[in-house]
Structures are given as structure tokens and as C-alpha cells.
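Asks: Since chain A is already given, all that's left is putting chain B on it; use the hints.
The listed protein sequences derive, respectively, from chains A and B.
Residue 146 in UniProt numbering is what sits at position 146 of the first sequence, and the numbering runs on without skipping anything.
Residue 76 in UniProt numbering is what sits at position 76 of the second sequence, and the numbering runs on without skipping anything.
The set of hints was computed from the structure by calculation and includes no laboratory data.
Note that this is a predicted model, so its numbers are computed, not measured.
Just to be clear, a hint being listed does not mean it is correct.
Which copy is meant is left open, because identical chains are indistinguishable; a pair holds if it fits in one copy or across any two.
The calculated lysine-lysine pairs, modelled on BS3-like cross-linking and capped at a C-alpha distance of 30 Å, are [as the list claims (entries may be wrong)]:
1) 141 x 216
2) 182 x 141
3) 143 x 157
4) 182 x 143
5) 165 x 196
6) 183 x 143
7) 141 x 188
8) 157 x 196
9) 157 x 188
10) 32 x 115
11) 141 x 183
12) 143 x 216
The primary structure of each chain is shown beneath.
Number of protein chains: 2
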Amino acid sequence: MSFPNPQIKLTVDAVVFGYEAGNISVLLIQRKYDPFKGKWALPGGFVLEEESLEEAVERELREETGVAINYLEQLYTFGGVNRDPRGRVVSVAYFGLIHPDGHTLEASTDAEAAKWFDINDLPQLSFDHSHILDMAIERLKGKITYEPIGFELLDTKFPFSDLEKLYSTLLGRPVDRRNFRKKINSLKILDELDEKISLGAGRPASLFRFNETRYKQLQKEGIIFEI
Amino acid sequence: MSFPNPQIKLTVDAVVFGYEAGNISVLLIQRKYDPFKGKWALPGGFVLEEESLEEAVERELREETGVAINYLEQLYTFGGVNRDPRGRVVSVAYFGLIHPDGHTLEASTDAEAAKWFDINDLPQLSFDHSHILDMAIERLKGKITYEPIGFELLDTKFPFSDLEKLYSTLLGRPVDRRNFRKKINSLKILDELDEKISLGAGRPASLFRFNETRYKQLQKEGIIFEI
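The shape of chain A in the complex, shown without the other chains (with noise of 0.2 Å):
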């Protein structure tokens, strides 16, 4: 049999996730070039013949974004026949999560600008870009309840109520805070350390860590945890 050649061209794309303050923030891009010039998309591009698609995605992230993340995860094959202006054009969808306030953005290559947008104050999107940005909003939403999320997310050192936060923001609703640190402290994920933080009027409010080996031990597990 010979080998077939139809002209389906190949990309990836980043859905990367900030949090800070209680917000959920997506990165994008504003595309320098046509299709779509001037118009915001998710960081992104056709994968080189010599690299792998976790290569070929962190690559465009950084060349675009500025942002080097070395964990991203696969979200779906978007494969519509019409998605893409210039032809057929397959695109695999990764998903990250990160720290905004780590990163410093840095616009280059078919970026014009790179920068934060709160989920719930999104501009139009290029291609099917906002389809899959519903996609990954979906599976970040399902995966905190299969998966003790948050390690990427936060500071590196936390006060309690930080967590609950991010959790209430991802649910989209209160979380009950008794059962909530009840929940937490049976997993033995957190380790309290010796530092507290004045928030506010209140007594001053000690500050956690992520214990990374029991984190990565729990997400191994695919634990369920009902909140």
C-alpha cells in the first residue's frame, strides 16, 4: 500500500490557566498574521516534523507568551473539517495551570501581544478557540473533584482561607469551610509551617505548603474528593 498523502496539517494548542485573587484567568494571544489578524486566540501553532506535541506546544507557549511551563497536560483532538480558513488543519488542545505572578508575558514570533483575560470577561476568539477554551473550562471544573488541584495555582506558602477560595471559585459556589478543612487535614496534604500572615482585622492566619510527595502521591491515586 502506498503512502497516503492528504493535506492535513497539524498544530497544538495552550489553554493555560492563571489564579490570583479569587480569579481564573486564561492566557491569549492577539495573532500578528491572517487568518484572523489582530484578533485574540489561544498561544498555539503547526507542530514541526521533528518534534513531539508536548515539544511542539511548549515551544509555541514560549515563542508567543514568554510563559515556560514543563507540565501540560492533553485536553482533547479538535478535528472539525471546517475549523481552520486555510484549509484542514488538526489541532491537539493541551491544558496547564499556573501562577500568573511568576511569569513574566513576552509577546514574539506570530504573537502581536500576549496577555491575562478573566474567564468571565473573555474578547471573541479566533477559529474554534472558544470551544475549546468551554472544553478545558469543563475539565478543570470536573477535575477538582477527582483531584486535590490547587499546587499550581497557589503561592508557594498560603493561608488556609486562600485554598478555600480557590476551591469556591472553581465550584462556583461557598464550599462549607468546617467540612471543607475536615476533608483537607484527612488527606494530610497541607503542611502548616511555623510563619503566620496578617489578613485584615483578624487574628493573624497561618501559612501552609503543599506537601509535594503526598500531592503527587494523591493525583497518582486519582483520589475522589468530594468537596
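Replies: Below, chain B without anything else, positioned relative to chain A:
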């Protein structure tokens, strides 16, 4: 910017699981052409320019095995640089569940033969297909903890013990019969029929049927289903 032209080809592969009499099997084909001529592999092949990924995987499955499935779920996209000796080939793998009884196998096009193999007694597989299959088995085992799997795998009418056996097979351990029945009852997912079946020496057992409406609703909600 010009439209790039890396020589990356796109394929789809299907991991179709069947369940019968306490055994989980997977549908494989014997390759008619090189590479791996005469070896076993997952059904699949190159995506055509004018078809979606879903259309491609359904077509390949039909052509190579005679099996028609109208629901396949995307599993993962495998894009390692050296996974195909012919060049750079990225494959989008899909995953489906059927009851083998209702399907007659008929190999054609690129397949010399199509056959069910017990997942505990597999031949050597072509390409990285054993890696793809391993991931599909993990997914299947994971799914039963948060979805009421079974609808696609069991007969239309079945004794309760069949469902219990399916779960214990997938989990690889016995299930606590009493708690399992209680859990299933609380989900209101089964309708008990007026028919009975004789199984061995005991009293005839009632037959059940999945309540499709309720089942699809629970699937959509992505319920936590701890057994």
C-alpha cells in the same frame, strides 16, 4: 506567513472492548501490508481530507472489522516522533465498548483478519499499539468509578449477577454484593422486568434492563460511583 508543509500524517486507531461471560476482550486486526505485515494491530488508518476524525475511525473500523459503532470516545493523541517506521505519523486513538455477540466480524481492505482477544492473552502488537491499549484499559478501569458503565457491554436483559460480575472483572477484585446492590438501587438505573431466568441450581433470577433515560442523565452529570 506562509502555510507550512511539514510531512506529518494523521491516523485514527480504535480500541474496542467487548465483554462476555466474565471476560474483557479487545478487537484486533491482522495487517495485510507492511509495515508489520501479518502482525496484529488495533483497527485504524489514515484520515481522509474530507472526513472528521470520528467519521474516519468509524469508517476504518467498519472496513477492517465489519463492526459498526455509533459512539466512540476520544482517548488520547499519540505523537511520538518515531512511532511509525514510515515517517512521522500522529494517531488519534478512540475507545468504544460493545457486546461482541451482536457483531459479526468481517475483515477487508488493509486487514487480513479481525478477531477478539482476551485482554489477558494478547498477541504482540504493531507500532505503539500495546501502549495505546494499556492507556485504554486504564481509562476503562477509571471510568467505572465515576460513570455507570455497563449499558454498552451487557445484554439488553440481564440478571443482576451479570452486572456484578462485570464490575468485579473490571475492578479485578470481588465486589461486596450487598453494598453493590444497594448502590445500584439508589441510582435508580435499572428496571426490574417481570421475566426470570434460571441460572444453575438456585431460584430463577429476575431479569433487569437499563433505564436509558436515567442512565444517560447520570452519565451527563458525571456522578461519583464508588464501589
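Asks: Compare the structure with each hint and give your call.
Replies: How the hints compare with the structure:
1. 141 x 216: both (19 Å within a copy, 20 Å between copies)
2. 182 x 141: Answer is both: 21 Å inside a copy and 29 Å across each meet the 30 Å cutoff.
3. 143 x 157: within (22 Å within a copy, 34 Å between copies)
4. 182 x 143: both (20 Å within a copy, 27 Å between copies)
5. 165 x 196: Cα proximity of residue 165 and residue 196: one copy only (18 Å, versus 53 Å across).
6. 183 x 143: both (16 Å within a copy, 23 Å between copies)
7. 141 x 188: both (22 Å within a copy, 26 Å between copies)
8. 157 x 196: within (10 Å within a copy, 62 Å between copies)
9. 157 x 188: within (16 Å within a copy, 45 Å between copies)
10. 32 x 115: The answer is within: 14 Å in one copy meets 30 Å, while 51 Å across copies does not.
11. 141 x 183: both (18 Å within a copy, 25 Å between copies)
12. 143 x 216: both (14 Å within a copy, 21 Å between copies)
Going down the numbered hints, you'll see the structure goes against none, and every one checks out.
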